[in-house]
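Just so you know, the sequences run in chain order F and B. Read in order, the letters of the first sequence correspond to residues 422 to 615 in our numbering. Read in order, the letters of the second sequence correspond to residues 2 to 194 in our numbering.
Don't read these hints as lab results, they were simulated from the structure. Since this is a predicted model, take the numbers as computed values, not measurements. Any given hint could be a false lead.
[Said to hold, decoys possible] Below, a list of computed lysine-lysine pairs in the DSS-like style, where the Cα atoms sit at most 30 angstroms apart:
(1) F:601 to F:471
(2) F:471 to F:554
(3) B:180 to F:573
(4) F:554 to B:130
(5) B:130 to B:180
(6) B:111 to B:130
(7) F:613 to F:500
(8) F:573 to F:480
(9) F:613 to F:554
(10) F:613 to F:573
(11) F:601 to F:500
(12) F:601 to F:613
(13) B:130 to F:573
(14) B:180 to F:480
(15) B:130 to F:500
(16) F:576 to B:130
(17) F:576 to F:500
(18) F:573 to F:500
Below are the chains, spelled out letter by letter.
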Amino acid sequence: MTAGMNVLGAAILGLALATAAPALASQDNVKAKPPADLSGLHAFDLRVGKWRVSHRRLKERLAGSTEWQEFTGEQVWWKTLDGQGNADDNLLRLPAGDYWGFTMRAYDPATGLWAIWWLDSRNPHGPLDPPVKGRFIDGVGTFYADDTLRGKPIKVRFTWSGITATSAHWEQAFSPDGGKTWETNWYSDFTKAD
Amino acid sequence: MARPDPDRRTLLALALAASPALGAARRSFAQDLGPPGGGSIRDFDFFLGSWRVAHRRLRKRLAGSDDWETFEGSTVCQALLGGVVNLNESLARRASGPTSGLGLRAYDAKTDTWADWYLSAADPLTIDKPGIGRFRDGVGTFLSEDVFEGRPIVVRGRFSSLSPDEAQWDQAFSPDGGKTWEVNWVMRYSRTA
């Protein structure tokens with residue numbers, strides 16, 4: 422798994438939510454709507470554009486490794502879902518060979534959470550779900566999912582921080598013990614390229 | 002929150018595989034998809050570009066209904082990841098309000114199949130199991146198992162290019178393991194760019 426991010430257009434979304442109530446088709450399962458939480462909607466806005474990436478990745482995960490691989494990448498990021506989501510196309514220049522990753526993110530105004538999915542070109546039919554889910558607090562976005570590594574349950578954490586118009590930082594960490602301890606296995610630093 | 006569009010590819014990944022009838026059906030679907038070997042990352046090239054979309058959507062599914070809702074939309078499709086991914090971003094203007102979504106397809110050369118996922122802005126924290134399929138005689142057929150109103154169903158999505166400037170996608174549900182199908186959504190694409 423790896424990076425992901427988000428963005429977007431509050432006004433349009435607010436309008437959509439405000440007008441979504443009437444005249445739904447009979448089958449549509451309309452639930453009572455809580456007030457929309459748009460507080461996180463724009464958290465990724467500054468990530469739109471083209472980026473150069475400096476990656477530092479732990480060679481073995483949850484194996485006591487201290488051997489790191491450094492490589493570069495390129496990323497293009499754009500908004501989707503009428504401003505309620507975003508996506509990015511990553512080229513990763515791993516020593517073993519280039520590969521691509523695609524990330525989709527969507528914001529849920531009912532919960533204020535972002536969901537982030539990652540698709541790896543080397544395993545294009547790997548399961549997308551579950552996404553990592555989370556929110557930004559004081560400029561740091563933290564996102565979690567349950568996953569498995571070598572057959573054992575782990576927790577996965579993505580962390581976004583330092584998002585500016587020209588830079589951003591991302592980390593991935595795994596926990597083998599339900600979140601008590603974490604091993605960070607990937608750092609990515611982004612520099613604006615356009 | 003409102004879910005104006007929960008159904009394009011509804012829910013519940015689980016449950017299904019358990020049924021022996023569906024297991025048998027699944028084998029026949031694999032045959033329906035045709036043999037591997039003829040596909041490539043170019044299969045969705047016909048879909049690249051910008052389109053106006055005329056939707057025709059059955060209001061009640063698997064209920065013998067012939068009451069269709071019609072509405073307009075638009076979509077933009079691009080290839081990503083060197084062609085392994087084909088993504089279309091869509092907006093539909095339904096009477097119930099605008100809905101946006103992402104259709105994501107990824108090609109697996111090992112199996113010569115595409116997976117087809119859909120992310121709806123109305124249900125933004127989950128993505129359903131993909132339909133799996135390939136093209137045969139110009140029609141890309143994607144199948145997945147699902148549950149509709151408590152019943153196991155098979156979902157079929159079909160993509161086809163009608164001309165360089167026209168394409169169609171339709172969705173059908175089968176309540177009987179693939180013996181009979183009810184088409185419940187047709188999207189007719191007209192190229193705008």
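Quiz item: Which numbered hints are broken by the structure, listed smallest first?
Solution: 1, 3, 10, 11, 12, 14 and 18
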